[in-house]
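Listed here are the chains, written in short residue letters.
Protein chains: 4
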Amino acid sequence: MQKLDVAVLGATGAVGQRFVQLLDNHPWFRVAEVIGSDRSAGHRYGDIARWILDGQPPASVADLQVKPLDAELMSPLVFSALPKEAAELREFALAEAGHVVSTNASVNRMVDDVPLLLPEINADHIGLIDVQRRRRGWTTGALVANSNCTIMPVVMSLAPLMPFGVTKVMIVSAQAISGAGYPGVPSLDIIDNLVPYIGGEEEKAETEPLKMLGQFDGERILDLDAIASATCTRAPVIDGHLVTVAVELRDKPSLEAVIEAWNSFRGPDPVPSLPSAPAQPVIYMPQADRPQPRRDRNAGNGMATSVGRLRPDPLLGYKFVALSHNTIRGAAGCAILNAELLAAQGYLGDFQPVNRNVELTRS
Amino acid sequence: MQKLDVAVLGATGAVGQRFVQLLDNHPWFRVAEVIGSDRSAGHRYGDIARWILDGQPPASVADLQVKPLDAELMSPLVFSALPKEAAELREFALAEAGHVVSTNASVNRMVDDVPLLLPEINADHIGLIDVQRRRRGWTTGALVANSNCTIMPVVMSLAPLMPFGVTKVMIVSAQAISGAGYPGVPSLDIIDNLVPYIGGEEEKAETEPLKMLGQFDGERILDLDAIASATCTRAPVIDGHLVTVAVELRDKPSLEAVIEAWNSFRGPDPVPSLPSAPAQPVIYMPQADRPQPRRDRNAGNGMATSVGRLRPDPLLGYKFVALSHNTIRGAAGCAILNAELLAAQGYLGDFQPVNRNVELTRS
Amino acid sequence: MQKLDVAVLGATGAVGQRFVQLLDNHPWFRVAEVIGSDRSAGHRYGDIARWILDGQPPASVADLQVKPLDAELMSPLVFSALPKEAAELREFALAEAGHVVSTNASVNRMVDDVPLLLPEINADHIGLIDVQRRRRGWTTGALVANSNCTIMPVVMSLAPLMPFGVTKVMIVSAQAISGAGYPGVPSLDIIDNLVPYIGGEEEKAETEPLKMLGQFDGERILDLDAIASATCTRAPVIDGHLVTVAVELRDKPSLEAVIEAWNSFRGPDPVPSLPSAPAQPVIYMPQADRPQPRRDRNAGNGMATSVGRLRPDPLLGYKFVALSHNTIRGAAGCAILNAELLAAQGYLGDFQPVNRNVELTRS
Amino acid sequence: MQKLDVAVLGATGAVGQRFVQLLDNHPWFRVAEVIGSDRSAGHRYGDIARWILDGQPPASVADLQVKPLDAELMSPLVFSALPKEAAELREFALAEAGHVVSTNASVNRMVDDVPLLLPEINADHIGLIDVQRRRRGWTTGALVANSNCTIMPVVMSLAPLMPFGVTKVMIVSAQAISGAGYPGVPSLDIIDNLVPYIGGEEEKAETEPLKMLGQFDGERILDLDAIASATCTRAPVIDGHLVTVAVELRDKPSLEAVIEAWNSFRGPDPVPSLPSAPAQPVIYMPQADRPQPRRDRNAGNGMATSVGRLRPDPLLGYKFVALSHNTIRGAAGCAILNAELLAAQGYLGDFQPVNRNVELTRS
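Protein chains in written order, with the numbering used here: chain H, 1 to 363; chain C, 1001 to 1363; chain F, 2001 to 2363; chain D, 3001 to 3363.
These aren't lab readings, by the way, just hints derived from the structure by calculation.
All values reported here derive from a predicted model rather than from experimental measurement.
Even for Gly, the Cβ is constructed at its ideal location relative to N, Cα and C.
Among these hints, one or two may not hold up.
A short, non-exhaustive set of chain F residues, derived as facing chain C with CB atoms under 8 Å [as the list claims (entries may be wrong)]:
hint, residue
1, I2048
2, I2177
3, S2178
4, P2183
5, G2184
6, S2187
7, L2210
8, P2236
9, I2238
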């Protein structure tokens, strides 16, 4: 199979680097273009990108020349790790020009006809692309977004409970520093410390889940009718957002039923066979003191959500903790999974992934 | 004024060391006896105590010989930093023998006739000592306890709101490692990590506040009629427990009224003039990202509680964050303040502190 | 090929867990027995081992029952992660009983006829096993040791420079907390801190390299004639020992020649084709600020040593920094590589590894 | 006594904040002017300075309006925490305009007629001010500098050994993040990590000590005739630079003599009676594992240097570790002490400190 060329926007930043890392040896996609800021455009990626992940950038990408933000792109598929301001217009322009854009930027997430896609839980929202194309007069282009990284462990753990009726949710997050990009959080602010505030995060955390867990009626997303309250804090952790969740469930299921719902949860076909899909999307850990960010963030190659400490809550009924890797499942990994779903569903033009069942191995 | 001799039980441990540190140059009390485990008994304190606080142990205490747990004590006032098992019987035995015991141990906190004292908020609970003495036939002895360190920022921030009617409280803590004593939390468990579980802590956090905020009717404490829910987690922070709190207030005060209640809150006389009492017990910080453990734990010499981020909560009405120093206000410092209140109220026999208004300076 | 059964001594500890993790899916070896302390013996490994590495213990080992230290072992090959005291006699007893023992314990390292083996640099020291067997009357048993974890980046970086004449070495280490085992370093000692002392470490660091870099004359190891000085410190890093090294080289090679020596260094046949051998044992990093523990410890699956910052030293001539993963290359991984060398060289009885060239993939 | 008005240049930065903090309640000086960047000029200090130290800025300074860098200053004494580029010309211009400038900036340190002052060890270098004034035609102005923060524990620990003949020094530093200012080191670079490189630091560390330990011959400083080699690394520590030092001493004193030299070392009169001077400038700690940054950085209110682990070195003769607080003794505190010396020696015009013996108490 010929791999599909992809471009990465904002490739030198923290999330951009994750895209580059996760796409190395991807069975379907191949990084053909890297796009950066004016400062980095024209330079060799390996020279200009200050690589902040482990080890070194993949050799094949290191040798690419960084293109400027306004370059005309050749790749049918574009991953965006642009900052908010740059993303707002550029992503739509690229989609209009015929590219399929899978973005991690927050700015266009709540636009009416942009699916906030999470394959395991709302794969049917992909139908909104048809609405998007029809409304905007696009034929091959599209724009899909993934959720905020903090919300990821929340929606992944709530989705399996939707049949019980989710009505109220109280969230307190302890978020990793990589969520703030690079240079991001100054070390003087966070070593031996916690910062109980992350600008704009709580608003996203109280709205995005309702869209993601909402219903697609063929024309639009009807938000979930529930109330969410969030407090977002920063902790001295490299990767992995931990959330404590209290939730009200209309049907009052037993704790056992909740655990069973998590462990047996699977995305609809063809999601489980997509290369980046974890074998088990939500893993309940029976140990008293898990999940923990450092020990559990890489579960399912960073794509699984770990849940633990389910117990009764005297106020809302149920409480637990949940954890997802914020720059893999909560950012680049999810955007890649979204693109895999688009490919498998025929939204990427002629491109036909054949070896859909080959599981991706990542070192 | 002749200073009163005091003994410190469990003096070589983490909280014991805080007692020794805070009592150095105390205007009323003087450490005359240090009591340790069998391992340390008979040794010079400065040689056997592995000092884990900053700098070195005070010279005057360093030269004391550590006494065994069953030693007969000379000091009228005894501070206890004993572990749970050792504390249970020994503290009552010492009180029965005529000593006034101010303990930080958890084991006797919920005993009916033991006041869970916090001078600024329930100084009148001291009357339970009269019940205690009458019931047990003691004349000079007494046993008073301070609260769990996690609960400290919760009750300190809720006490000023009691007039508004506190009915429901949801707490999520991020607790410092010093709360686990020494050696306590292994570094392999907590660097670049969070542990979402602390054994036994949530039970205390859901019950102790109700006793502390309860009413003393002359014979017993009537618990506050409210529901508390707690999730307790450990974070890589040296000192300072941060709690996020959501609370339901019956009278729906304005946010301004809540802030005013905090900033104007003072303990009843003679509490504000006790040597260890902070000038302002609860400090509301207007900055968006405060309080923070490292930057605010030492407010009021570690005896003030800092509060911030008050905002509406769509579920319970109000939410905010609060912070107290866990081994000062939340442990040794509070036990000392409790003893100061006992002294000022005449519960320490003949001892009459004269210079009640001298504020304690600590370096 | 039938895999060879192996036993892991001290399997529940920090290094023992690394053995279990690294041996999962090993192409030649299969963990058949796990041996633990009296406390854990008789329990299922997955229940009694407090797993401190990422994720969960491998399923196949989790189901094994832990055997007591004095159990009769069935496995021809034994890996030892025993503490010093337990190791001293037990390892020799097992070798005498016919087992080949590859140990990470320090206690028997400097015994005259025990090879301190590091396949890339002194594979010929394996001949000392013949001396050992002859002298002790053993036929199938043997005892080989790997070096102290701190010394690993030192000897790995010095070995390629041996042709230039190594005469003086000054070492300052910054060692990861995992080097102290579990529970190991209390978090109260190391967060926002450094501890400039590690008991017994400097003595090892000043002697073991001389044996490892020494010559085997057919009967004994003649220590390298050089002087080593070491200062060992502990830093708040999970894994990866960083050493700064100043070295005097008799032949005064150019900096380019030194770098070329590092990058072109390979072990003698069959070492490069052993399953755990890294493709490039020593990697010189040209970046100004590398190697760094978190970013480079996993180079070569944790088996490569990263070197950087080579520059002239006004006192000894050359200085640089070097880094190895302390619990992989510096402990369990090296002991496994040692055993692979023994297998390939026919020291493991009949066992003949056939697919010697299959490279081990580890996730 | 009327306090002397002082100005702080670069007052909103990390070191500028330390100046403001340390000068709060200073017995001789009073912060009258705060100077900041264009961004902050015109704003109230308390509003525009993002306070990164503990607690809050002193109330008296919080209400000052920040002046722009080119403002005409009223204060006779100016403390400079300017960045390198801004400092180079501005400091000389202010001195030329008649101000006494005590700077922490590095850029003018090695200028021939600028004393690199450290009161305890080279108070006589103050005579270079007379040369400076004569040569430049200044009457009341002057420019003095303090050393690089990394060098501070090195020169403080070597100065007492000068009588033994210091000939060679090998230094490896582990430096705190506050040394890089704010925002400074990104947390993604340093948590669970070490960075073995700090730009420009090693050059300073190999030259500044020779000037500081040099002889003033009435006209110029004759550098110490010794060789220094430095490796500088960054560690995840908030404050406190730890250095490991190996040194050659011509006279081969006993270890006891070295320790005695440290503990008995005092600056010449009037240095010991200056308000910021620590009672004992160099403290030898007999414990095996001290000094440690978090536990010992505040010795002597952050102005004492702690030394430990003295032992023979097989290469240079002696080795030990030393620690100073990098933003107090190694920056603002030293610049203040320098200014106190200037005041006491009559270099601040009419200003006559009377209560020279009052020791400064800092909380």
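Each hint, compared with the structure:
1. For F/I2048, the suggested interface contact is broken, since its CB lies about 17 Å from the closest CB of chain C, more than 8 Å.
2. Nearest Cβ of chain C to the Cβ of F/I2177: about 5 Å, under the 8 Å cut. The hint holds.
3. Of the supplied interface hints, the one on F/S2178 holds, with its beta-carbon coming within about 6 Å of a beta-carbon of chain C, less than 8 Å.
4. Hint status for F/P2183: holds, given a least beta-carbon distance of 4 Å to chain C, under 8 Å.
5. Interface hint at F/G2184: satisfied, since its Cβ lies 6 Å from the closest Cβ of chain C, which is below the 8 Å cut-off.
6. A distance limit of 8 Å between C-beta atoms decides the matter here; for F/S2187 the minimum to chain C is near 4 Å, and the interface restraint holds.
7. With its C-beta approaching chain C no nearer than about 31 Å, F/L2210 sits outside the 8 Å limit, and its interface hint is violated.
8. At a threshold of 8 Å, the smallest CB-CB gap from F/P2236 to chain C is about 6 Å, leaving the interface hint in force.
9. Interface restraint check: F/I2238 against chain C, minimum CB-CB distance 6 Å, threshold 8 Å, status holds.
Checked against the numbered hints above, the structure breaks hints 1, 7 and satisfies the rest.
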